[in-house]
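Let chain A serve as the given structure and place chain B on it in line with the hints.
Taken in sequence, the protein lines are chains A and B.
Throughout the first sequence, residue numbering follows this note's numbering, covering 3 to 244 in sequence.
Throughout the second sequence, residue numbering follows this note's numbering, covering 3 to 244 in sequence.
The hints are simulated quantities; they were obtained by calculation from the structure and are not laboratory data.
It is possible that part of the hints are untrue.
Intra- or inter-copy, both count: the list cannot distinguish identical chains.
Claimed, not checked - Here are the simulated lysine-lysine pairs, DSS-like style, with alpha carbons at most 30 Å apart:
#, residue 1, residue 2
1, K213, K33
2, K77, K118
3, K118, K33
4, K70, K222
Number of protein chains: 2
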Amino acid sequence: MRYKCILAYDGTSYYGFQIQEDLPTIELELKKALKNAFGLDIKVYGSGRTDKGVHAKGQVIHFDLESKIPAEGVKRALNSFLPKDIYISSVEVVNEEFHARFSAKLKEYRYYINVKEYDPLTIHYMPFYNYLDLSLMEDAMKLFLGTHDFKGFASASIDERKDTVKTIFQADMNILDGKVEFIFVGTAFLKYQIRRMMGLLIDIGRGYYKKDKILEVLEKKDPSISHRVIEPTGLYLYKVTY
Amino acid sequence: MRYKCILAYDGTSYYGFQIQEDLPTIELELKKALKNAFGLDIKVYGSGRTDKGVHAKGQVIHFDLESKIPAEGVKRALNSFLPKDIYISSVEVVNEEFHARFSAKLKEYRYYINVKEYDPLTIHYMPFYNYLDLSLMEDAMKLFLGTHDFKGFASASIDERKDTVKTIFQADMNILDGKVEFIFVGTAFLKYQIRRMMGLLIDIGRGYYKKDKILEVLEKKDPSISHRVIEPTGLYLYKVTY
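Okay, chain A solo, but in the shape it has when bound:
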């Protein structure tokens, strides 16, 4: 039986999603919980990785169990063994064609910044940036919409063979009470892509660059131009659509 789970986690205490030997990672905690709940070493497939310090509201994983256990029972069992900062909000039985990574159609990421006053209570969830011209940022971020080669916004260490052409369907900014929310929905995102896109948007908001800089990075396809990878703390894997 194949199980699909939606999970949320606070990335503050973890070295990202992907297992790295014994370091605390989301994947390791999921494997430990599965082992404790079902007594077996079970492979976990995530919709994608999240970096160290990045949070998730709607990460998706799948795994297979030999026996048929009701979805609600799987949810309770796993949550009882998971640390308090990882929580499975939904479990459903899916057919064997479902794959958390390869079946994903759309991914939604959100980035939050605090623009009100420095707040030591939200530093792990919403970095503080002031003196930003938000309307310049909102205008500039529309240049990310559509299909582009995002290689210039990817990690410099990205595999040469990787397809770096991706499509972004939504790029919106919402000004909330004291904080600003940036929403990006696309087919898929490269390692560091949103953190580099946000880094450049911040620099545009500060007046260091004009929005044309985005076009330049897209054209030159050289990650060393969009040099700033913004901190992971404001980034949330919000939703994966299948």
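Here is chain B on its own, set in the frame of chain A:
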């Protein structure tokens, strides 16, 4: 010159306000920042202690400096040496009669609970409680108003000679989007007092006790009756009035 500072901190990583040798505490970080900024061992006086894991939005401290440094300079210097989860939001020069603890007239504490859905991202800031009858809690908390001997809500280890008669001027509950805010304003609060008051309120909200239990604890003055000290994570020292 005497300086009064208002500070906010995230209590998650600290063993409370009060210095305990080399353990991470707010007072130790303040002393280290003062030493780094001014090269001297300077005594810090707080308005009161906060327990391990308790946060502050408006803690107040005072200290004396031999030389006259502009308040804004003191603020910048200290913030540059403090960890990111402690922030001094205001510094002002006060006269020598001011004392952070003894001059305090009123203290405001707030407690937040998440009543929507378990959220692994807010566990250190707002514990999750469900199935609560909030109207029963709002009604019951009014019994805390006025002058009472709060010994029954204090730490069991409290000094016998301590004056346990305190006055509460405000006890309000606000239902916000998915969370509930409890506001307590009083002359002073005993160790564990708000966490025990909140523990009993939660049990009233769950239907384990009627509101008369509050009167019983106040009358019997025995902390073992109000046995539950709720977690520190939802508690904020919000404001100190002089």
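Each hint, compared with the structure:
no.	hint	in the structure
1	K213 <-> K33	neither (44 Å within a copy, 45 Å between copies)
2	K77 <-> K118	between (38 Å within a copy, 18 Å between copies)
3	K118 <-> K33	between (40 Å within a copy, 28 Å between copies)
4	K70 <-> K222	neither (52 Å within a copy, 55 Å between copies)
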